[in-house]
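Engineer: Protein chains in written order, with the numbering used here: chain R, 32 to 126; chain L, 20 to 505.
One or more of the hints may lead you astray.
Computed Cβ-Cβ distance ranges for the label pairs, DEER-style [unchecked claim]:
(1) R/68 <-> L/267: 41 to 47 Å
(2) L/315 <-> R/98: 51 to 57 Å
(3) R/123 <-> L/83: 56 to 62 Å
(4) R/102 <-> L/357: 26 to 32 Å
(5) L/73 <-> R/102: 20 to 26 Å
Which stretches of chain R does chain L cover? Using the computed rule of at least three CB atoms under 8 Å from a CB of chain L, they are [to be verified]:
(6) 58 to 68
(7) 99 to 108
Calculated directly from the structure, the hints in this document are not laboratory data. Only a predicted model underlies this, so the values are computations on that prediction, with no experimental measurement involved. Yeah, the Cβ is synthetic: ideal placement off N, Cα and C, and Gly gets one too.
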Amino acid sequence: MTLTQELVEHIAELARLDLSDKEMTRYRQQLSAILEYFEALQAIDTDNISPTSGMQEGSSMLRPDDTIDGLGIDDVLSNAPDIHGRQFRVPPIFN
Amino acid sequence: MSHLFELKLTEVVQALSNKEISSRELTQAYLDRIDKLEPELNVFITLDPDNALAQANFADIKRQEDPEETFLLGVPIAIKDVLAVKGLRATAGSKILESFIPPYDATVVERLRKAGMVIIGKTNTDEFAMGSSTENSAYGVTHNPWDTSRVPGGSSGGSAAAVAAQMTPIALGTDTGGSVRQPASFCGVTGLKPTYGRVSRYGLIAYGSSLDSVGVLGQDVEDVALIYNLINGRDTRDATSSQNPKDEINLNGNRTLQNVRVGVPDEYFRKGLQSEVETAVRDAIQTLETLGAEIHIIQLPHTQYAVPVYYLIAPAEASANLARFDGLRYGPRVDGGNLRDTYTQTRGQLFGRETKRRIMLGTYALSAGYQDAYYGKAQKVRTLIQGDFEKAFEKVDLIAAPVAPTTAFEIGAHQGDPLSMYLEDIYTLPANLAGVPGIAFPVGFDSRRLPIGMQLIGAHFKEQILMSVAHSYQSATDWHTKKPIL
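All chains, please: the whole structure from these sequences, using the hints.
Structural biologist: Below is the structure:
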């Protein structure tokens, strides 16, 4: 199977990846080859098989509803590329 | 003994507790060894010599004050650079985290610190643990200590090479699809991937959340067990952490393997397996039989589907986990003028090739119109792979198999052909998909004198039998004592 150029561009858009034309071409070829190999899965009968979504034992685990101190504001902001006072500063969302 | 770095972990512990050596001397010996070998091997992304020596001095004082202190006090350890160590840069092998200083410790690191262990540095890894060679690291490839033209395996290649080259007595790694076991095999060391949920993932930079497990690499099973005993056990900060009581491995039991049933899966010995690897693994199985084990041929019929299932599920989970790297809260930012372009350019420029490939693959597998055919299908076949193991463990106590189809390959061998690299993971992926524990250890060498590993795979939470049997093997053989010439 071969992915179309449009589909690869659409995936990059969904994934928020700015890719060069060269990267688009390379990923289009490589993903096509990988997915073709993965077609083997379609031959397996899984009609009555339930999916495995996680590895947890039994049902969801509960914990006591205790107050636990999280990180302080300085710690949280310490790695940010840009801050304003006690907040993350981000580029404009609307023009 | 001519050099301190030649001690293995249990000997280090003994020498420290007998006060034959200080933690300072020991730590310095490893730092000197690292200084000497690092230019050739590129094992560490970040070293912390000053802090390590300070921790060692502190440990020496503590031991003077209280001779009954914990036995791991002052023992050096190296940590794969996907685990958070407070105050020490964590890159995950990526440029997108090149300046990230974690403001907290991972739970496993917290437990090492509580025992007084000395953290000497962060080891190289494929970016976000995505790879089988460390070639995908933004900080350069690590070289295999047995042959520097070859890869150490991956993604915990730095940790495996560090132990093999005796730059640390022990190291932590992580295993999402074989990333502890395969580098252990390529570097001739012992590596444990515990049961999913046995060791907390809190503070581990997430790759595939339903697959990730934190493991240990050391010179032998005894050494690995010491650290596994320290780091396993419930952690409320990881919602998938097991409620099972803390595990305490004891290797003092009977070393004969009477009544131990070992399964040998047909599907792991088919075409593509290097003949020298097959011979060494079959010889090792023969040794287990000589020690008293019963050998049974078993079937794991869905093995061939492990590659597509894993390479749909892990990238799908990764595409969601890596959405957090957006240039806003940590890491460098590429300013695109507006928010959207800042996201796409930061991610486009700072993620490496393989990471972007897996994000693309995972995003596709989860996208509208394709989710049922890919991600959904993979989840169902994952159930079948688990079923294979459940059936097998009705008949046998553990499974013995090769770790990888070949010994360490040459740097660049799979360049430009990602699928051929993915196929190398065929023998390690199933244990992660089923969440069961595995341990890899050396069982021989090929004609190039590259180490060959074998893995034992156990049922959920059966680390004790896994490690007992591996320990029996190591008590009867000496492959694990061989060292590369450096």
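Engineer: Confirm or reject each hint.
Structural biologist: Hint by hint, here is what the structure shows:
1. R/68 <-> L/267: 41 to 47 Å: At roughly 43 Å between Cβ atoms, residue 267 of chain L and residue 68 of chain R fall inside 41 to 47 Å, so the hint holds.
2. L/315 <-> R/98: 51 to 57 Å: holds, 53 Å
3. R/123 <-> L/83: 56 to 62 Å: At roughly 60 Å between Cβ atoms, residue 83 of chain L and residue 123 of chain R fall inside 56 to 62 Å, so the hint holds.
4. R/102 <-> L/357: 26 to 32 Å: Because 29 Å falls inside the window, the suggested range holds.
5. L/73 <-> R/102: 20 to 26 Å: At 24 Å between Cβs, range holds.
6. 58 to 68: With 7 residues in contact (Cβ-Cβ under 8 Å with chain L), the coverage given for the stretch 58 to 68 of chain R holds.
7. 99 to 108: Satisfied; 3 residues make the cut.
In this structure, every one of the numbered hints holds.
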